[in-house]
Amino acid sequence: MLEARNLSKKYGNTDALQDLNLKVGQGEVYCLLGQNGAGKTTTINIFLGLISPSGGTALIDGVEAGRKGRTNHLIAYIPEVVQLYGNMSGLENLDFFSRLSGHKHSQQQLGSLLLKAGLKEEEHRKKLSFYSKGMRQKVGIAIALSKEAKVIFMDEPTSGLDPKATNEFTVICKELANENKTIFMATHDIFNAVNVGDKIGIMKEGRLIQSSDTTTINAHELQELYLKTI
Amino acid sequence: MRKDLVRLIASQFGKGVFKSRAMLPIIGILLLLLAYATYSGIQYHDQNHFREDHQHMARSSWENNPDKHPHRMAHFGTFAFRLKHPLSVFDFGIESYTGNAVFLEAHKQNTVNFSEAGFSTGMLRFGELSLAMILQLILPLVIFFIGYSSIVSDRENGTLKILLTQGASWKEILFGRSMGLFIIAVLLITPFFLATMIFLLTEDHTVLGDWARFALIGTSYLLYASILCLVTIAISASSRSAKNALIKLLGLWLLMAVLLPKVSQAAGAYFNPTPTKLEFRAAIEEEVKKYGDSHNPNDPYYNTLRDSVLQVHQVSSVSELPFNYSGFVMSQGEKISAEIYNRHHDLLMARYRLQNLPAKWLALINPYLAIRNLSMALCGTGFESYVDFQLQAEDYRYMLAQKMNDLQIKYISPSRLSGSEGKRDVLNRETWKSIPDFKHEFMSLSTALKNELISVISVLLWLLLSLWGVQYLSHNAKAI
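Residue numbers (this note's numbering), protein chains in the order written: chain P, 3 to 232; chain S, 580 to 1059.
In short, the hints are calculated from the structure, not lab data.
It cannot be assumed that every hint is accurate.
A few chain S positions that, by computed beta-carbon distances, are all more than 10 angstroms from chain P [as the list claims (entries may be wrong)]: (1) Ile588; (2) Lys598; (3) Gly737; (4) Thr744; (5) Gln745; (6) Phe793; (7) Ala794; (8) Val842; (9) Ala845; (10) Phe850; (11) Glu899; (12) Glu973; (13) Ile1059.
Computed list of lysine-lysine pairs in BS3-like fashion (alpha-carbon distance at most 30 angstroms, straight line) [to be verified]: (14) P:Lys12 with P:Lys106; (15) P:Lys70 with S:Lys598; (16) P:Lys128 with S:Lys841; (17) S:Lys594 with P:Lys129; (18) S:Lys822 with P:Lys12; (19) P:Lys118 with S:Lys841; (20) S:Lys687 with P:Lys129.
We put the beta carbon where it would ideally sit given N, CA and C, even for glycine.
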């Protein structure tokens, strides 16, 4: 579903990404670990078509990602902090963003999507400015669900979430994967990565230097490997 | 570009803005300003009744003169009052600083006096607030305030990435936000035009042409608002932070509304100084003196004229002429002095126009100057409409003086050699009623537009430029 072929990105003389090669299959959860500036977000931005690579190709379902938005119908994005529009309710935000993607849902359908994303019904009509970070993440997930995206990119989605919210988020991610959604997640949360991910990559200075399968490594081993690698 | 998506983005933006608490004080302040400016405008325009009353008084004073010598009537004179255009309720223009009444008499071109500023304290300059001024100066600030963060905040908090990955293109986002901001601007502008419209509907002197002007003013301000909206969105999209965008927009406002207008005025006055009122009058009198005194039929300058007239009529003295020679000489003198005055006046006006030239041309790079000039011209309160009144008043004065001279030539005994001859050589009082009254006609719409062609071109160019700017950014703006 996702493929990076010799993907690289330069900012002036700085290599933000160097010869990245990876493949993520349909329904897989890929977690990218690494320090700040390792190239995780740059990788996501190239796949989202928000920046152009300096070299190589980013493919989504065989289609090259780029500024023209040819792969937009396939993807959804959940940032570290889902801000959206604070003076609109969760329901209104979901309605707006799903209509942007060409999907017009009834109020009932929108409510169901929010419930599926884990947002309680009584919260649906509250203004987003009253939502916690975790609740906003759920609206972000509902937006991804509403457009029936095949691939969901997440940039440090559990950063700043309390353990309960993190756990809820992990459960939702697993459900999404069970529904054959591909998830590509940049994270610092090693334990969550092992818990939710199928594959894990570790990046350093723009290079993918380790790639592991979570069936062969536990959280403790991954932590040791991560600390040793970076 | 998908229109439904543009509409969706516009409507989301508009709804979001009106749900924001910050809008309440903005709307409240604008409504207060609107009420104050409307009240000021109506008070201001009410002076028309006062001026009309005085025009009638001047007329009845003229008509109530007893049987008199026409030259005494020429010196009795009358007044010309400048009427305010119905649309001056919207834009006061420079009217507060120009005079509005002039005394018209033979041989002498008096200045237009009794300006508002002349009767007011220096506070007028700070306290005057018209509907147009709010739209020209305050509206840009409101638009900038509402729109400065519209794109850049979404970029800062990551929402822009979601918008783009959801399928909206840069073009749809930029034009959608511009449209949303424009709709808000229209909603804010509408009460100002409604107030003006209600005034026009209730004003007795409104004619069809005023509605055409009103429509043009409305269109001009809508174009001005759309330029401001597009520029705001373009700056928001091209700035690295919301703070940066706000600083840029405030800087732009200071440049547009304060710096450039002041610099253009100062430069115009510095490079094209005008004579003082005293110097102007002295120069005219100096030149008139060279042509002698037309009140004196034996003035040496007019001897040549007298000799040629005598020769044509084959008589030896002016008392033998079939008409009153004194009136004839004064008619010629009036013609000469009017020509001299008009030449000096034209030169002075040309100098004033040169002073205005920097502001006129700077309108090409400053849409505020363009809309200010255009608005004044359409409301009949600009410099050219003031000059037009002066010319109308002078035309009337000249007509009146020459008419009195003609009456003297025709009806006063040829044996009378000097001006007025007391009660012996008089015309019936009914004669005065046959002279038409002065009626101030407003400058035509086509002339007003022709005078402000640069401003019209500027507004259209700025609209195209800002549209191009947003279009350019839709290909080059960065999401991160």
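For each hint, the structure was consulted:
1. Ile588: For Ile588 (chain S), whose nearest Cβ neighbour in chain P is about 8 angstroms away, the distance does not exceed 10 angstroms, so it is violated.
2. Lys598: 4 angstroms, violated
3. Gly737: Given that some Cβ of chain P is not farther than 10 angstroms from that of Gly737 (chain S), nearest at about 4 angstroms, it is violated.
4. Thr744: 4 angstroms, violated
5. Gln745: 4 angstroms, violated
6. Phe793: At about 36 angstroms from chain P, Phe793 (chain S) clears the 10 angstroms cut-off, so the statement holds.
7. Ala794: Fine: 36 angstroms to the nearest Cβ keeps Ala794 (chain S) off the interface.
8. Val842: 40 angstroms, holds
9. Ala845: 45 angstroms, holds
10. Phe850: 48 angstroms, holds
11. Glu899: For Glu899 (chain S), whose nearest Cβ neighbour in chain P is about 97 angstroms away, the distance exceeds 10 angstroms, so it holds.
12. Glu973: Given that every Cβ of chain P is farther than 10 angstroms from that of Glu973 (chain S), nearest at about 61 angstroms, it holds.
13. Ile1059: 6 angstroms, violated
14. P:Lys12 with P:Lys106: Roughly 39 angstroms between the alpha carbons, so the hint for Lys12 (chain P) and Lys106 (chain P) is violated.
15. P:Lys70 with S:Lys598: Between Lys70 (chain P) and Lys598 (chain S) the Cα gap is close to 33 angstroms, so the pair fails against 30 angstroms, i.e. violated.
16. P:Lys128 with S:Lys841: Between Lys128 (chain P) and Lys841 (chain S) the Cα gap is close to 50 angstroms, so the pair fails against 30 angstroms, i.e. violated.
17. S:Lys594 with P:Lys129: Roughly 13 angstroms separates the two Cα atoms, so the pair holds.
18. S:Lys822 with P:Lys12: 28 angstroms, holds
19. P:Lys118 with S:Lys841: At roughly 62 angstroms apart (the allowed maximum being 30 angstroms), Lys841 (chain S) and Lys118 (chain P) break the hint.
20. S:Lys687 with P:Lys129: Outside the cut-off at roughly 75 angstroms; violated.
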